[in-house]
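Chemist: If you read the sequences in order, they're chains A, B and C.
Residue numbers for the first sequence follow UniProt numbering, so the first one is 1 and each next one is one higher.
Residue numbers for the second sequence follow UniProt numbering, so the first one is 1 and each next one is one higher.
Residue numbers for the third sequence follow UniProt numbering, so the first one is 1 and each next one is one higher.
It is worth saying that the hints were derived from the structure and are not from the lab.
A portion of the hints provided could be inaccurate.
Unchecked claim - Simulated pairs of lysine-lysine, DSSO-like, Cα-Cα distance not exceeding 30 Å: (1) Lys26(C) <-> Lys41(C); (2) Lys176(C) <-> Lys26(C); (3) Lys147(A) <-> Lys30(C); (4) Lys61(A) <-> Lys477(C); (5) Lys227(A) <-> Lys26(C); (6) Lys477(C) <-> Lys242(A); (7) Lys176(C) <-> Lys147(A); (8) Lys147(A) <-> Lys41(C).
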Amino acid sequence: MRIALYVTCLVDLMRPSVAFAALRLLEATGNDVVVPPAQTCCGQPAWSSGNRPLAATLAQKAIAELEGYDAVVVPSGSCAEQIVKVYPQLFTDDPVWGPRARALAGRTHELTAFLAEVAGLEAVPGEFAGSVTYHDSCKGLRGLGIKAQPRALLARVKGLSLQEMGECEECCGFGGAFAENYADISARIVDRKCDSIAAAGADAVVGGDLGCLLNIEGRLRRRGDEKTRVLHVAEVLAGEVKA
Amino acid sequence: MSAREEILARVRAGVGKPDAAGRRALAETWMRARSPGPQPVLAGDLLARFCEKAVSLASSVERLADYEQVPAHVAAWLAAQELPLSAVTTLDVAGLDWAAAGLACRSGPAVDADATGISGCFCAVAETGTLMLLSGTATPASVSLLPETHIALVPASRIVGTMEEAFALLRSERGQLPRAVNFISGPSRTGDIEQTIVLGAHGPCRVHLIVIGETA
Amino acid sequence: MKAGHSQAMFFQSRAAEKVRNPVLQKALQKAKPLFSGKRAKSMAALPDDGLEFEQLRDACAGIRDRALTDLDVWLEIFEDNARARGAEVLWARDGDEICKLVIDVAQRHGVRKVTKSKSMLSEEAQLNEALAAAGIEPVETDLGEYIIQLAGEAPSHIIAPAVHKSLEEVEALFAKTHGRPQEERTSADIPALTREARGVLRQHFLSADMGISGANFLIAESGTAALVTNEGNGRMVTTLPKLHVVITGIEKVVPTLEDFATLMRLLPRSATGQTISNYVSLLTGTRSEEEVEGPTKTVFILVDNGRASLVGSAYQEMLRCIRCGACMNHCPVYFSLGGHAYGWVYPGPMGSVLTPLYTGIENALDLPHASTGCRQCSSVCPVRIPLPDLMHGLREIQHERGLRPWGERLGLRAWAWLATRPALYRALTRLAARYLNWLADGSGRIRIFGFAPGWTAARDLPVAGNRTFFEQYAARKRD
Ligand code: SF4
Chain A
1 MRIALYVTCL VDLMRPSVAF AALRLLEATG NDVVVPPAQT CCGQPAWSSG NRPLAATLAQ
61 KAIAELEGYD AVVVPSGSCA EQIVKVYPQL FTDDPVWGPR ARALAGRTHE LTAFLAEVAG
121 LEAVPGEFAG SVTYHDSCKG LRGLGIKAQP RALLARVKGL SLQEMGECEE CCGFGGAFAE
181 NYADISARIV DRKCDSIAAA GADAVVGGDL GCLLNIEGRL RRRGDEKTRV LHVAEVLAGE
241 VKA
Chain B
1 MSAREEILAR VRAGVGKPDA AGRRALAETW MRARSPGPQP VLAGDLLARF CEKAVSLASS
61 VERLADYEQV PAHVAAWLAA QELPLSAVTT LDVAGLDWAA AGLACRSGPA VDADATGISG
121 CFCAVAETGT LMLLSGTATP ASVSLLPETH IALVPASRIV GTMEEAFALL RSERGQLPRA
181 VNFISGPSRT GDIEQTIVLG AHGPCRVHLI VIGETA
Chain C
1 MKAGHSQAMF FQSRAAEKVR NPVLQKALQK AKPLFSGKRA KSMAALPDDG LEFEQLRDAC
61 AGIRDRALTD LDVWLEIFED NARARGAEVL WARDGDEICK LVIDVAQRHG VRKVTKSKSM
121 LSEEAQLNEA LAAAGIEPVE TDLGEYIIQL AGEAPSHIIA PAVHKSLEEV EALFAKTHGR
181 PQEERTSADI PALTREARGV LRQHFLSADM GISGANFLIA ESGTAALVTN EGNGRMVTTL
241 PKLHVVITGI EKVVPTLEDF ATLMRLLPRS ATGQTISNYV SLLTGTRSEE EVEGPTKTVF
301 ILVDNGRASL VGSAYQEMLR CIRCGACMNH CPVYFSLGGH AYGWVYPGPM GSVLTPLYTG
361 IENALDLPHA STGCRQCSSV CPVRIPLPDL MHGLREIQHE RGLRPWGERL GLRAWAWLAT
421 RPALYRALTR LAARYLNWLA DGSGRIRIFG FAPGWTAARD LPVAGNRTFF EQYAARKRD
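I would like the entire structure built from these sequences, with the hints used as guidance.
Modeler: What follows is the structure, encoded as structure tokens:
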């Protein structure tokens, strides 16, 4: 199987280790992994703002780049949801792009869902001496049903124990442009998430969406929590975690 | 154009379908077909279910073998609650020998001063532990509403499974709905001050159910 | 349609004030787990009775769709059956017409005092103000509504109108209104306060000339108004006064009693986590000749106020709403602000859809955007309304009508231009990574960032290094 890794623009710029971790995990499945070189942004910011034409332009670009692979894997529930759920909506009645968007949607997977359900990855390379608590990001959870997969994979990480936080399915307040445009509200929401994380008392909070993680980490640090580590699930699974 | 005509015209434009008469005929047929939604599967017998649910809704429940025992039980229960031995009753239960048990009962609509109201019920719904009362000349709705204590007599044979079954019973016995059908599930309650549940908001603070006899 | 009394355009400034109000935040913090916890518990128990939430909400959505796709017909059936039982059926295009009709009925019958059971339509119409201006005293009798009427405020939640009020505030209001000294109160005194209100409101119930209620549903087959309450005030206002006026939206009609029974399996569970509300009343026609109580006259006012325009539109699904409040009870934005920030009658996700649709899209630009897109609302809605998708549709309309700020439009266009030019994109992101790293200055974070002032007002921006993934990946491949 030839797999394309869709890095996402946020990971490319803000946290490359997530993509390297994803590569390592995908390679561990014994498949051919390619990073399509021209990929940029999936178009979600345009879509969220209501700019459908712009979202469609960026979607067409992504579809053309990604459709030649057996599977496309995305280390983000949010960007995966954009491809899986939104791309087909953008071209519902389009005789050319409609079928292409639907075909791509059918082959695109969020990383942990791919590892757990498609590739059936048994052994994970990562080790983690400590406890983690898992934040379920909204788009992955409610959009794609990502819930059991990351937990099943984390359970195979040597040394790791899972310490669930209260209301782990509650939104962290990120929401893309929302965090900037409605900063007051977003801050209030992420504060509640930080309270839940603090109450769980784990060594690290782990999640599958970098946007949420930057939001949570940024707020934890601003609140003076320098101790709780904030990690992407791929980093933990792959052992891309600096001690 | 009248408001009615204008609003209906807008709705019709939105609905966007011709042949209102034909659609109305279809609607009438559909109503007569009475297609119920998903139905619960109630484990165990209806009587036990009704009692269990009623208690969970903060009603108290007593089971008696027959109507003869009711007045003495009510008198004893009121005394135990330190409530006055008097009540207003609906006409359908006025015939019991309340006086023999030492109770001063009057029948008819309730007034503000009535401390206790005693009523029968049309039937009861086991699924939710609910009473179904119909308004009427013999069964004024105020009896189950104004007094702080409501005592209801529930024949075990009148406990049905669901609200749908209660409606079927109503249609077969009465044909049409009375002015008011009141489904009552425990004492009145509110949570409007800091989400703290308090019993006895505007209606009764206490609901005591007396289930009579066995299911048929 | 007009903006009416909507304040939705002030969302941003109101939000800023609400997040900084400690009394409000404490009240919301307390209510949140109660609301969601009770609902979750009652839904989890459905399988004990062989029922499933997903199956039930398909059925409920189906019932609402059946009514809406032939709404004209069902309304006529309802009207015919209600009239056959002696009720009068009137129609109102908007809030002003509601007020006119109600005042007219009241004046014809010499009404001086009206007791009201919660009606959101009366909020849409600002009926209390209109009644007072006509010399008629309106008394809200739902305890929550009573509290906010005393405070001169609007409801902040559709089923818990005073959720934003603290015990101390209630005590102060009661002391002032009921003419007694104010006392120190703890939560142990809540029953006593409830009792105090009961005593005052009981006298109003007994002396009112007219009762006004909403209706949770109109049942077409019998011409019936269904009223669901816990306090019993709904029963009071429809039993004691001689005159009963039901004000309700045209979308509230359902075909049969069986449909109503199905909806009742989800409405109380979704709203308060109850398997059934304490009082469910089905009100049909007027009292009979021999009856000694109940209204001698019943008037239905069926209201459009923007609803008819949604029939057959892309927003028809919104008309399925059964006003349970579950969407706001599970909304992270609602629980950061409470309901007043939304500026009109309906808060939370359903309000973010309804307010722009009923009061004008250009008058509520923030509401469809003030959402994280978490979909917690649509995952609990008992009639499966895709609230986030409807909000998204409104965002698209804003874009099409050129209502988005120019900065956002320009920024997105520039971003898309860049994103379709991969080589340039790589070069610029490389620069951006270095710039961010320089700003972080070895600390791994940026504390003040001019390009995202909102973000860094409350958070640091974590920075991982000075090279993008693609830059590092290319280097690795070369090695
Ligand atoms: S939109 Fe759905 S969840 Fe919200 S109030 Fe309406 S029915 Fe309830």
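Chemist: Confirm or reject each hint.
Modeler: Evaluated hints:
Restraint check: the Cα-Cα separation between Lys26(C) and Lys41(C) comes to about 24 Å, which is no more than 30 Å; the hinted pair holds. At roughly 24 Å between alpha-carbon atoms, Lys176(C) and Lys26(C) fall within 30 Å of each other, so this suggested pair holds. For the proposed pair Lys147(A) and Lys30(C), the alpha carbon gap of about 27 Å is at most 30 Å, so the pair holds. Under the criterion of a C-alpha separation no larger than 30 Å, the hint pairing Lys61(A) with Lys477(C) is consistent with the structure, at around 25 Å.
Taking the CA atoms of Lys227(A) and Lys26(C), the gap is about 28 Å. The hint holds against a cut of 30 Å. Proposed proximity of Lys477(C) and Lys242(A) is supported: the alpha carbons are some 22 Å apart, at most 30 Å. Of the pairs offered as hints, the one joining Lys176(C) and Lys147(A) is violated, with about 52 Å between alpha carbons and a cut-off of 30 Å exceeded. Distance restraint check for Lys147(A) and Lys41(C): the Cα-Cα separation of roughly 20 Å lies within the 30 Å cut-off, and the hinted pair is therefore satisfied.
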